[in-house]
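Taking the hints into account, I'd like the entire structure generated from these sequences.
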Amino acid sequence: MVRARGLAVLIAATFVAFACGGSTGTTASKGTIKIGSDLPVCTVGGQATQNGVQFAIDTKNKAGGVEGYTIQFQGFDDCRQAAYSADAGVENVQKMLGDAKFLGMIGPYNSAVAKAQIPVAEPQHFVMVSPSNTNPCLTKDLPDCSYHPQDLRKGNANSYFRVVTTDDYQGPAMSSYAYSTLKATKVGILDDSTVFGVGIANAFEAKVKALGGSTLRKSYKKDQTSDFRSILLAFKTFGAMAVYVGGTDDQNICQPRAQMKTIGWDVPFMGGDGIETTDCIDQATGNEANIYATSAGADATQIPGAAATIAAFRKAFPGPNDFGGYTMQAYDAANALMAAVGRAIKANNGNVPTREQVRTQMAATKGFVGVIGTYDFDANGDTNLKVVSIYQVQVVADPTKSTGVCGSKTAKTACFVWKDQIDYAKA
Amino acid sequence: MGAGLEALKRVRSARLGGMGIADLGFFTLAGVTLVLLAAQAVINPTQFAQVFVFGLADGAIYALVALGYTMVYGIIELINFAHGDVFTLSAYIGAALIAFFSTSENAFSFGNVIALLVVFPVVMLIMGVINVGIERVAYRPLRNAPRLAPLITAIGMSFTLEGIMFVWHGPATVHVPNLLPHGPGWETYIGGVFIGFKDVFVVVAAAVLVALLAVFINRSKLGKAMRATAQDRDASQLMGIDINRTIAATFFIGALLAGAGGIIWGLYFNTITYNLGFRTGLIAFTSAVFGGIGNIPGAALGGLVIGLIAAFSDNYIGPKWTQVVVFGILIAVLVFRPTGLLGMRVPEK
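The listed protein sequences correspond, in order, to chains S and P. Numbered according to our numbering, the first sequence spans residues 12 to 438. Numbered according to our numbering, the second sequence spans residues 8 to 356.
Keep in mind that the hints were calculated from the coordinates and are not lab data. Treat the hints with caution; some may be incorrect.
[To be verified] Simulated pairs of lysine to aspartate or glutamate, DMTMM-like, Cα-Cα distance not exceeding 20 angstroms: (1) S:Lys272 to P:Glu194; (2) S:Lys112 to S:Glu78; (3) P:Lys231 to P:Asp241; (4) S:Lys165 to S:Asp389; (5) S:Lys247 to P:Glu112; (6) S:Lys272 to P:Glu112; (7) P:Lys327 to S:Asp234; (8) S:Lys420 to P:Glu112; (9) S:Lys423 to P:Glu84.
[Stated by the list, open to error] Listing some non-contacts, in silico: residues in chain P with all C-beta distances to chain S over 12 angstroms: (10) Ile28; (11) Thr40; (12) Ile121; (13) Val136; (14) Asn151; (15) Arg234; (16) Phe285; (17) Phe343; (18) Pro345; (19) Val353.
[As the list claims (entries may be wrong)] Now the in silico label distances, taken between C-beta atoms and shown as ranges: (20) P:Ile197 to S:Ala322: 50 to 56 angstroms; (21) P:Ala106 to S:Thr385: 45 to 51 angstroms; (22) P:Ile197 to S:Asp431: 39 to 45 angstroms.
Note that beta-carbon positions come from the ideal geometry of N, C-alpha and C, so glycine has one too.
Shown next as structure tokens:
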């Protein structure tokens, strides 16, 4: 549907170009509109996510752009010292705010960055669409949160949206899977002391306890721990039947997986979307199998019709690690934003809309058909899609056909394979 | 000469003579810690022994790095901040060299033996040369400059080395092949305590290197020159010792040990990152101060003790508190015993 309309625009544009005597380009662009992204491009997962944005915008421009305007994409990197940095994210948003041509951005990738960016972006009505933020406190006023969305917004209308569901679904989804399917009633929980890591570990822990299980909780900091064996031993002594980690790969959260082997301990190793990554498989070197991870969205293989888009993406980005756990989410986020920009242009009689007009249209998104689902956004910017997917690392025959991410170094055939999904919208 | 020496003498006589207040505090502190640990050992001896093994292995590596800090400080009173990064760089170079050999991570093969036998000395030599280069470029021109100047160039060299590794392999984890024997047949449970060949290897290798260093320092002519230079640089020069050569040799030997430590770390944990040296260096430097800066047996002992403290803290208290525990104990020890566990040995002015 989208493609057919794009084609019509292209044909119309070509016709207009010829009618006007034909100028230089193939499309008669009315001008350019900029869309940015703010992602930790230093990580394999961040780069793969940016690829999804790039692919969506390239595809749209080839089909004639948005309402006659060419979309210019600029990707910003929020890595500092090899890990995401909220300060860098704020700097990037300020750069975009300083250029009037930027009408919105895709990102950020990490919840801690969003927490810092929202207070800067919202007074300017600048639309942020995150493909991967899962911390519930960003949008939901929950009593357990250390910060609240109304404080971040400072009285401004919401301009922050996300296409994935939140850790208050993602954490418990793994609790249910661990408790019911893997029969792990005692779990050791390790978090990386970050906004995301602590939040998802809390959600996981609460649900395990509610189900009747018991837990032992530990926290570490990246710059202070590189030998995890004594921590793992504490879990083993506790009698843990599984280890759950709350955190992200750039905090070395999967190194404990490798070290489990060096203490002769083999139980499932589980985590959230922060470990459904190539870097995680690489860190777990020698002990990749049976890492379990959740992803806060549907798996593309479970959605009829997504295969064609993934195949087209693979053709444009053929590298083995170009496709990541949030590439299609980023693709959908970019298209949802461009659709809102398109409606805003129409509402503004074909002229470049203001940021507030784009924000209004984005908030009014209803039934947007993306690759991994059909989206509405609620007043807080949360999606109606509440699917959590569960993956397990297995050795596959052909990693290029995998929809889950694979290792890039020693275990190139170790990939996350879709196991199950829980749809909380239906539950 | 003068006040410093007097202080040292006082400490020494206090140790040999009756117990002072400071010693009383120190022994009380050590006693309380040991009693707490002993209680854990009684409650769950297997867990205690297992953590002890982990701590010993980590401590052995810290000791190797700490020796480089302590030797350099002992001879020119410089905290060589780049030393931790020399340690990391050796693991990077080791990983790169191993790729040239036909090795197997699944089984211990003849190729692995050859690779290890070649890579260890080659990397150690490379690191030695690099460290001597660092000394020549960044420290020697500043030898008579105010103390702060070489401190800053040392920090600069640290960031330079980290930058080189960052550009080389990027921010992600680098894999070091698991060449040491591992898996069934090479691992065993002794009374419920898991011990692998790798654990034994780390401790034995470190012990052998420290022993060789001790023999070298105490028996060889160059070792004697190093001790003399550490004691009084000007007098040594008057006695015909080539100071530049002796200091360069100190850096060379320090880097040999850090180089060995880096490869051992890589082979032991199999993952390294470009900024590993920052934390390891900090801990190793702390070990050197803990044991008594400038004191070679002190650095080895300090490394082992801190490795053990960190492991016990990780297990019994929680990793979030480990840095606090380590440095808390350090503060307490230094308050009661400012010269470290075994007393410091620094140039006399």
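Distance restraint between Lys420 of chain S and Glu112 of chain P, which requires alpha-carbon spacing of 20 angstroms or less: holds, 14 angstroms
CB-CB spacing for Thr385 of chain S and Ala106 of chain P relative to the 45 to 51 angstroms hint: holds, 49 angstroms
Pairwise hint evaluation, Asp241 of chain P against Lys231 of chain P, where the allowed Cα distance is 20 angstroms at most: holds, 15 angstroms
Restraint status (C-alpha distance of Lys423 of chain S to Glu84 of chain P at most 20 angstroms): Not satisfied, since the Cα-Cα distance of roughly 48 angstroms exceeds 20 angstroms.
Non-interface claim for Thr40 of chain P versus chain S (Cβ beyond 12 angstroms): holds, 17 angstroms
Holds or violated: Lys272 of chain S to Glu194 of chain P, with C-alpha atoms at most 20 angstroms apart: holds, 11 angstroms
Asp431 of chain S and Ile197 of chain P - C-beta distance against the hinted 39 to 45 angstroms: Once the Cβ atoms are compared, 41 angstroms apart, the range 39 to 45 angstroms for Asp431 of chain S and Ile197 of chain P holds.
Separation of Asn151 of chain P from chain S, once the least beta-carbon distance is taken, above 12 angstroms: holds, 35 angstroms
Check on Ile121 of chain P being off the interface with chain S, judged by Cβ distance over 12 angstroms: At about 21 angstroms from chain S, Ile121 of chain P clears the 12 angstroms cut-off, so the statement holds.
Reported absence of Arg234 of chain P from the contact zone with chain S (all CB gaps over 12 angstroms): The claim stands: Arg234 of chain P keeps its Cβ more than 12 angstroms from every Cβ of chain S (closest is about 34 angstroms).
Lys247 of chain S paired with Glu112 of chain P [C-alpha distance capped at 20 angstroms]: violated, 26 angstroms
Status of the stated non-contact between Ile28 of chain P and chain S (beta carbon gap over 12 angstroms): holds, 33 angstroms
Going down the numbered hints, you'll see the structure goes against 5, 9 and 16, while the others check out.
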